[in-house]
Every structure is written in structure tokens, then in C-alpha cells.
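Starting from the known structure of chain F, arrange chain W on it as the hints suggest.
Protein chains: 2
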Amino acid sequence: MAEESQKWVLMVTAQTPTNIAVIKYWGKRDETLILPVNDSISVTLDPEHLCTTTTVSVSPAFDQDRMWLNGKEISLSGGRFQSCLREIRSRATDVHDKEKGIKITKKDWEKLNVHIASYNNFPTAAGLASSAAGFACLVFALAKLMNANEDHSQLSAIARRGSGSACRSLYGGFVKWIMGKDEKGTDSLAVQLADEKHWDELVIVIAVVSSQQKETSSTTGMRDTVETSLLLQHRAKEVVPKRILKMEEAIKNRDFASFAQLACTDSNQFHAVCLDTCPPIFYMNDTSHRIISLVEKWNCAAGTPQVAYTFDAGPNAVLIARNRETAALLVQKLLFCFPPKSDADLNSFVLGDKSILKDAGVESLEAIESLPAPPEIKDPSQRHRGDVSYFICTRPGRGPVVLSDESQFLLNPETGLPK
Amino acid sequence: MAEESQKWVLMVTAQTPTNIAVIKYWGKRDETLILPVNDSISVTLDPEHLCTTTTVSVSPAFDQDRMWLNGKEISLSGGRFQSCLREIRSRATDVHDKEKGIKITKKDWEKLNVHIASYNNFPTAAGLASSAAGFACLVFALAKLMNANEDHSQLSAIARRGSGSACRSLYGGFVKWIMGKDEKGTDSLAVQLADEKHWDELVIVIAVVSSQQKETSSTTGMRDTVETSLLLQHRAKEVVPKRILKMEEAIKNRDFASFAQLACTDSNQFHAVCLDTCPPIFYMNDTSHRIISLVEKWNCAAGTPQVAYTFDAGPNAVLIARNRETAALLVQKLLFCFPPKSDADLNSFVLGDKSILKDAGVESLEAIESLPAPPEIKDPSQRHRGDVSYFICTRPGRGPVVLSDESQFLLNPETGLPK
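Protein sequence lines, in the order shown, are assigned to chains F and W. Note that the first sequence ends on residue 1671 in the numbering used here; no numbers are left out. Note that the second sequence ends on residue 1671 in the numbering used here; no numbers are left out.
Bound conformation, chain F alone (with noise of 0.2 Å):
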């Protein structure tokens, strides 16, 4: 190791996208090792509109472990990062940076400690699965630094220690968690089953929905439907491994009809099991309820399904769209059902891929209050104006990259503080 009076600072940084779950992930068998009840796949989102951006850095300076997520430090003493830390540590190898003049070996790893800052361009408290995309970005980063040698598929078996779904986010496109046999965790891991331009016309519209409720955190809310509910274990054994095999044939064969319902009857069930739990837990609210039945009046209407749902752990819809043009119809009906307060402006009511507004020919405000009433709904007085905070356009997008450009970096080079 180089002298530590040298004080050199060696950091990585990386940008790893966060997933939806069209085959949904919902119950542990394992709470520690976090071994799901079932396979489950996600389909990755457009870093670019949702992302975590991490910087790890090592230093012979830093005294501890240390985290600053969106500027605020937090504690690393959760099981959860003291997890994913153990095990990038126990695979890091010697790392050589010429530039810096810098060696370390792989003993030194066990000394050093790291600092880390994690930023996620997206409001973390919306319930878009943030928790996913920082570990998989931490665990990716960490491997990065301190050249764990490990594929992308080792690595994602690390992040599902720190949130289950973390493992879906280290691939980009269509991802398949493999629940696994091995009692230890070691098969439990993420494999991808096709990239982002096996299938680039889809189009994903996320509602992000307001709500007063206190929602009940994934952990503690499938804690209670292992232990409650008496639908979840014929779920996770009886259900889900055929869904499995007819989502990765409709993936490969582009098969909207079948991806769309596949998605939509999962996303119910597991709502459905949700509600089976004592006492029982309510994700959806009437906002949520809504947009179903919207997209399932058009989709009955129209006599093959233009739109898929799905909903997590909260009342948010991720809507993906077969194409562009439905894309465009989509967002008029949902501005016509759910427009801003009137106090908002289009800039910030509608994130991400802005484009799609010129489509649906909504540049404006006004735009919006002038929009036919859709033929799904009943009672075209009625808007619901509000009750949607925000919408971000979006499309399925790659998985995790390094990113070289200093600017982009959360730490000073030079401290490995935040900037």
C-alpha cells in the first residue's frame, strides 16, 4: 500500500437504473439471506429519467465507513450495507493505479474503509423503488473499486442482500430473479433475458400518485403476508412458475397480448395477497383504482391490450405502453383524467421524456383543459385534478455503467467528502 501520509484518494462512480417488477417478487423465505417465495422479473428502467448515481472512495485518511445519501449521511450500521460491504470486501483483489502511483493489495482491503455518497435523480420518497437502484449501484461501485472480479449475475446475488429487488437493477432491458435452491443464497441471483433493444417500441408512463396514507414498508408488509396470508404459499408455488414461463415467452417473442396480461393479473394478485394479510395491507387507493379501470375499459374496447399496469408497494401505476402512438393517447387520457392543480406548470407535472407531449399534442396548460373526454369514462365533468402529483415518461433503458466524468462525481477527488 502506498504511505499512508501520502493521503491519496482513489474513488469509482457509477450510475445504475431502478426496475419495475411485471412478475411480482413478494414474500421471503429466508429474511436475512433475502431468499424470495418465487421467481419474479422486472423490466429495467431509462437511467436517464430514473437512476441512483453512487461515488465509493478508499483512503488510507478515513477513519470509518462512511454514507451520504442525497447529501445527508446516514448509518451504515444496518445489516442490510454491513452485508453488501462483508461481501465485496471477501472478493477484492489488488488494485494497481499507475496514474495515481497508488497499489493496493488485497489484504489492504480489510484495513481501509470507504466513503460513499449516493444521489437518486429522482424523489426518493415517491416509492419508486430507490432502495433498488442504490444497492445495486453500491454493490456495482464497490466492485468497481476495489476489482472484485465478479459477472454481473455474482454481483446481483450481493445486492439482493441489501433489498431484494436490488439484484433485477444490475442488468438492463428484461431481468429474471431466480429464487434459487441453495439454502446459503448462492443461486439466488439475477440473469437477464434480453436486453433494451430486444424491444425499444415500449413506452412506460409512471402516475405518481398522491396520497396521505402511511403505506406499510415492503419488509415489514411481506413479513405479514408470509406469516397471515393463506393465498401466498399457492401463489408462490402453484401460480407464479407458469406465469414465469409465459412472461419469458411473450419477452421473446415481443407478445404485447400476453406480456400486458401477464403483468396486469400479476400485479392484482399480488395486491390480492396484500389484502389477504392480517392485518390487511392496502397499497392502491381509489387514484390507483382508476387508472385500472381505465386501461382496462380501453383495453377491453379496443380488443387487444394497448396498455400494461402494474403497481408496487404504493398507489403509484407504472403504465407501459405497446408503442409510441398508444404512449400518446395514454398521456391525453390520463391529463384528461388526473390534470394538475392549477397552480402547478407542465414542466414539472410531466418528467422525464418530454417529447411524448408533442404527441399527444399537450404543450401547454391550457392544452390540457382543453382535451376530449376519453370514451372510458362515465362522467366527463368529473376530473380528478390533483390527484396524480407528478407523471415521468419513460422507456425500458440499459443497466449499470461507470461514469469517467469527474463533474458527475459525489465526492470531492481530493477529500472524498461531499462536494
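Some hints here could point you the wrong way.
What the hints assert, rightly or not - For lysine-lysine, the following DSS-like pairs were computed, each having C-alpha atoms within a straight-line distance of at most 25 Å:
1) F:1494 x W:1489
2) F:1396 x F:1280
3) W:1498 x W:1549
4) W:1396 x W:1352
5) W:1489 x W:1504
6) W:1494 x F:1489
7) F:1489 x W:1489
No lab work stands behind these hints: they were computed from the structure. Here the structure is a predicted model, which means the values were calculated and not measured.
Showing chain W alone in chain F's frame:
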């Protein structure tokens, strides 16, 4: 038969209660015979507060079967009415009314037409099982008129052909609908588990929840669930049979903790299979969820259940309090959370057994405004004014009775037409 020219009219008036299932009926194995996929158990509600009154009459002067519901003539051509009429007619026996000098033989009934008038003492559209009370009353009154000497269980099997849950309204107290095995449905009928005096501390508060949403009818809903839910059969075959046995025990032993736990989890599981239906069925709304949350928190804090909740095919909450003291507390909490709109009057906001208001210390609208915030509520500044249309306070009640007071007859004794 007496001379047709005499134009005599013979009539019977009966009153039949409604009922609320505490182990739910959802799903038919035979659509025409209305045979369920599982047993169910209900509590009969006091007819003083919720009942149907039906007058059935016969006269040689009637040239067709006719029926009036709440004063408005309705068609009897539907299969369900026809099944009930046919089944009762086939069981008719000789009638001899000495006072009026009328003799009707078993054979005469085939040619005679009936007039029927039915009236609910509660809003039909409120989703309070009006069809259950209605068909039970129709069958019970016709059986009396036609001297069909069947016991209540046999009549229940006929009422079942009108509306499945109607069979449970042939008895007071606590009633089990045995699904039966016979493919013709002869053994699918109701039996009384205990009469209403067996457990008379129970107090029932119904919250009639305001809703703009058009609900899926239970007939359509349960058909869709049978056809599409992958959880229903598991519920019907594996879960409900065990719950039925436990619920029978709980009722027998007046074990409120078990009763409440079973009623709540079974209500939630019924709504879970609705959600697992394609397209999903939502009967509960945000107000329903808030009421469940209030009760769950209260029960949890008390260490043992104080109140059970159950929801049928709509957003209304049926709340069963362990005793009158608990019911008074329940009414306080509910009135705090769901006060009436400012233009309401207390008399039309709390219906049924209004004496509970005195126990709750709420004898004016002003008293509602100054109620203390329940500890279960996180944000006491948020009161959901107008979200409950009205409350009905009631209790377990008796089964069908014949009314002899002519002033309660719904048809004119001379003409057989609505009064």
C-alpha cells in the same frame, strides 16, 4: 274453488330480515341452480331496522302474475322469480279459509295468478342485501299463502334460487348455508346455528359509504371470479372449510376474539379474490380502507378484538361490536372521523337504534364537532366529512314472521292492487 265471479282476494303479509355473511359466499358451481363453491355463515340483522315486507295475494280476478317493488311495478319474467314461483306452486296444498268461505285445491294453484308487493325499510340502492331479504320474503309469504308445508330449511333452498344469500334470511340469529353435494341442489340449504338470543350483547353498526363508482353486480362479479381467479378454488376448497368449523365453534362459545378474527380475515380474503379477478373488481374504496385501519389499530391497541368488520359487494362497512359499551365508543370514533355534511340533521344521519347515541354522548350535531380525536387517528385535523352517507345501528335479529295487522299489508284487501 269458490266462484270466480265472487272476485275474492286472499292475502298473506310477511316480514323477513336481511343478513350479513361473516364467512363469505363468493362463487357458484352452478349458475342456474345457484349452488355455491363453499359453505357460508351469516348473522341475521334485526328486521326492526332492516327488513323486507311482502304481501302476496291470490284471486281468480287476477289475469297474470304481477309484482310491485317499493311501489313500482317490476317484471316477473326473470328466471329467478320464475324459479321461486314455480317451486312454491309445485308444493302448494289445499287452502280453506272458513271466514271468507274460500276453498282452493292443490290443483287450482296452477291456474291462479298472484299479486306481490314488496317494500324495503331501507334504501334499496345502498348495497344492503335487499335481494336477500326480498327473495326470502317472497318465498316465505308465498309458502304461507299456498299452504306449502315445508320447513324453513326447505324453503331456504327455494329462496336460494332467487338469490343465493336469500336462503340465509329464512332464520334469525346465526345461520349456515350448507353448500351441499347434490347436483340438483336439494341439499344446498340454510340451517340455524343459534338464535338471536344466544349472543345478544352484540351490536351492529353499518356505515353506508358514499360512492360515485358503479359497482360490479355480485352475479357478474362472482362469475368473473370463478372464471379467472387462480386463488378462488384454493380459498373454497382449502381455506373456507376450516374457517366454517372455527366460526361455528366461535359462535357456539360466544368467543368474540375468534369470531372477529375469522370475520375480518374472511372479508378481506373475499375482497382479495375479487382483486385477483380479471378484470379486477374493487368493492372497497378509500373510506372502507380508513374504517378497516381504524378498527385494526383499535383492536391491536386493546390487545383483543373489540370490533369485527365485514364488507359485502360494495364499500359499506358492517361493524360488529362485542357489546353495547364498545359500540358507543365505536360510534364516537366513527362520528369523529366521518362527520355529516353541514346541511345534515342527526336524525337522518344515524338510523336504526338511536339509543346508542345517548350512550355515546352524542345527542346533537354540535356534540359530533366537539368529540375527542380517537387515538387511532394520526392526523386529527383531517376529518372525512360526508364520506359516510349515514349510519344504521342494529343488532342480531329474528327470522321471518307473518304480519296480521292489516294496516301493514301492502295490497288492498279488496282489489289486490297496491294501496
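Query raised in the report: Of the hints stated earlier, which fail here?
Result: Number 2 - this is the single hint that the structure violates.
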